[in-house]
Amino acid sequence: GAGVSQSPSNKVTEKGKDVELRCDPISGHTALYWYRQSLGQGLEFLIYFQGNSAPDKSGLPSDRFSAERTGGSVSTLTIQRTQQEDSAVYLCASSWDRVFSGELFFGEGSRLTVL
Amino acid sequence: AQSVTQLDSHVSVSEGTPVLLRCNYSSSYSPSLFWYVQHPNKGLQLLLKYTSAATLVKGINGFEAEFKKSETSFHLTKPSAHMSDAAEYFCVVSGAGTASKLTFGTGTRLQVTL
Chain A
1 GAGVSQSPSN
11 KVTEKGKDVE
21 LRCDPISGHT
31 ALYWYRQSLG
41 QGLEFLIYFQ
51 GNSAPDKSGL
61 PSDRFSAERT
71 GGSVSTLTIQ
81 RTQQEDSAVY
91 LCASSWDRVF
101 SGELFFGEGS
111 RLTVL
Chain B
1 AQSVTQLDSH
11 VSVSEGTPVL
21 LRCNYSSSYS
31 PSLFWYVQHP
41 NKGLQLLLKY
51 TSAATLVKGI
61 NGFEAEFKKS
71 ETSFHLTKPS
81 AHMSDAAEYF
91 CVVSGAGTAS
101 KLTFGTGTRL
111 QVTL
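Chains as they are written, first to last, in the numbering used here: chain A, 1 to 115; chain B, 1 to 114.
Pulled out of the complex, with its shape left as it was, chain B reads as follows:
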């Protein structure tokens, strides 16, 4: 079985300050991990993915995430938030034997204030 836990349902940051969205995973296999972003009234879009190559993964729009096996974490970070980053972010896991579907976290809503 596999699962992800997003530790914060809502995060608020000021524009220009760092972003940290936390995700812990559980998987019986060596997992593939992803972050998806959903802007209001838009479809989900892949932000970045980890598939057992480099543990530090860079994605679009300046986001990156680090896979830490010892901590079973895959936190999403960005050095400086922009107003356009305001959206819902989903941490997602896929493990061996479950190639047909992904398991989504419950999401973290990122608010960016002036």
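Next comes chain A alone, as it looks inside the complex:
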């Protein structure tokens, strides 16, 4: 497809389990971002990739969170030993700009529920 694709769209897991969330950005976009959106709150920045490297991972809330990007394309966000406070919608966005323009293209998100 032409847009940013995220999977799964919905994930329900038990506390303590690991989860992987996938993002397939728009072809040719060099920049990729992960955000978290909790109920009633704005978007919280998690990590930014330029190509396969992550120059800014300052938003990752704990060492249970990690992300990687391969081939300058697909990215995976991994949450280990999930906790109930990890429940949120995880949004991925991409951009073709090396000079930041502020225009990000967002996927529809992965809704994570930790029981």
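To be clear, the hints were calculated from the coordinates, so they are not data collected in a lab.
Where hints are given, some of them may not hold.
[Unchecked claim] No farther apart than 20 angstroms at their CA atoms in a straight line, the calculated lysine to aspartate or glutamate pairs in the DMTMM-like style are these:
id, chain 1, residue 1, chain 2, residue 2
1, B, K101, A, E108
2, B, K101, A, E85
3, B, K101, A, D56
4, A, K57, A, E44
5, B, K42, A, E68
6, B, K101, A, E44
7, B, K49, A, E103
8, B, K78, B, D8
9, B, K42, A, E85
10, A, K11, A, D56
11, B, K78, B, E88
12, A, K57, A, E20
13, B, K58, A, E44
14, B, K42, A, E108
15, A, K57, A, E68
16, B, K49, B, E66
Using the hints, position chain B against chain A.
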């Protein structure tokens, strides 16, 4: 440091009446400002952006916003609301030295009634 404050968490208007969604910003640098819209179960979409050119910025679907430095505001307006405008709207700031990420407001949910 930079931040945005969206003054209303929820706004309700009647179809055909004007829309005003308020946003104030704080930035140590000359900011770039944006409005994004999120329709239910959809990804966020850029509505408009200000990057130090014209202070009145026009966006998609008839929306516009005016950058007012003296008031540190970037309010979003539309002359006549349509039912399809019902969505969540986010004011966003990006400043020099923070090109890698945007700072989002907490959002304003716009409800449009008949």
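Hint check:
This hinted pair checks out: K101 (chain B) and E108 (chain A) have alpha carbons roughly 19 angstroms apart, not beyond 20 angstroms. A distance of roughly 23 angstroms separates the Cα atoms of K101 (chain B) and E85 (chain A); the hinted pair therefore is violated under the 20 angstroms criterion. Between K101 (chain B) and D56 (chain A), the direct Cα distance comes to roughly 9 angstroms. Compliance with the 20 angstroms bound is thereby established for this hinted pair. With a CA separation close to 12 angstroms, the supplied pair K57 (chain A) and E44 (chain A) stays within the 20 angstroms bound.
A threshold of 20 angstroms between alpha carbons decides the hint, and for K42 (chain B) with E68 (chain A) the separation of about 24 angstroms lies outside it, so the pair is violated. For the given pair, K101 (chain B) sits about 10 angstroms from E44 (chain A) by alpha-carbon distance, which is consistent with the 20 angstroms threshold. A hinted pair counts as satisfied when its Cα atoms are at most 20 angstroms apart, and K49 (chain B) with E103 (chain A) qualifies at roughly 8 angstroms. For the proposed pair K78 (chain B) and D8 (chain B), the alpha carbon gap of about 16 angstroms is at most 20 angstroms, so the pair holds.
For the hint linking K42 (chain B) to E85 (chain A), the alpha-carbon distance of about 23 angstroms lies beyond 20 angstroms, and the restraint is violated. The hinted pair formed by K11 (chain A) and D56 (chain A) fails the criterion: a straight-line CA distance of about 26 angstroms is larger than 20 angstroms. Using a Cα cut-off of 20 angstroms, the hinted pair K78 (chain B) and E88 (chain B) holds, with the two alpha carbons roughly 15 angstroms apart. With a C-alpha separation of about 17 angstroms, the suggested pairing of K57 (chain A) with E20 (chain A) holds against the 20 angstroms cut-off.
Under the criterion of a C-alpha separation no larger than 20 angstroms, the hint pairing K58 (chain B) with E44 (chain A) is inconsistent with the structure, at around 27 angstroms. Only pairs whose Cα atoms come within 20 angstroms are accepted, and K42 (chain B) paired with E108 (chain A) is accepted, the gap being roughly 5 angstroms. A C-alpha spacing of about 11 angstroms is found between K57 (chain A) and E68 (chain A), which places the hinted pair at or below 20 angstroms, so the restraint holds. Pair hint K49 (chain B) plus E66 (chain B) holds up; C-alpha atoms about 10 angstroms apart against a cutoff of 20 angstroms.
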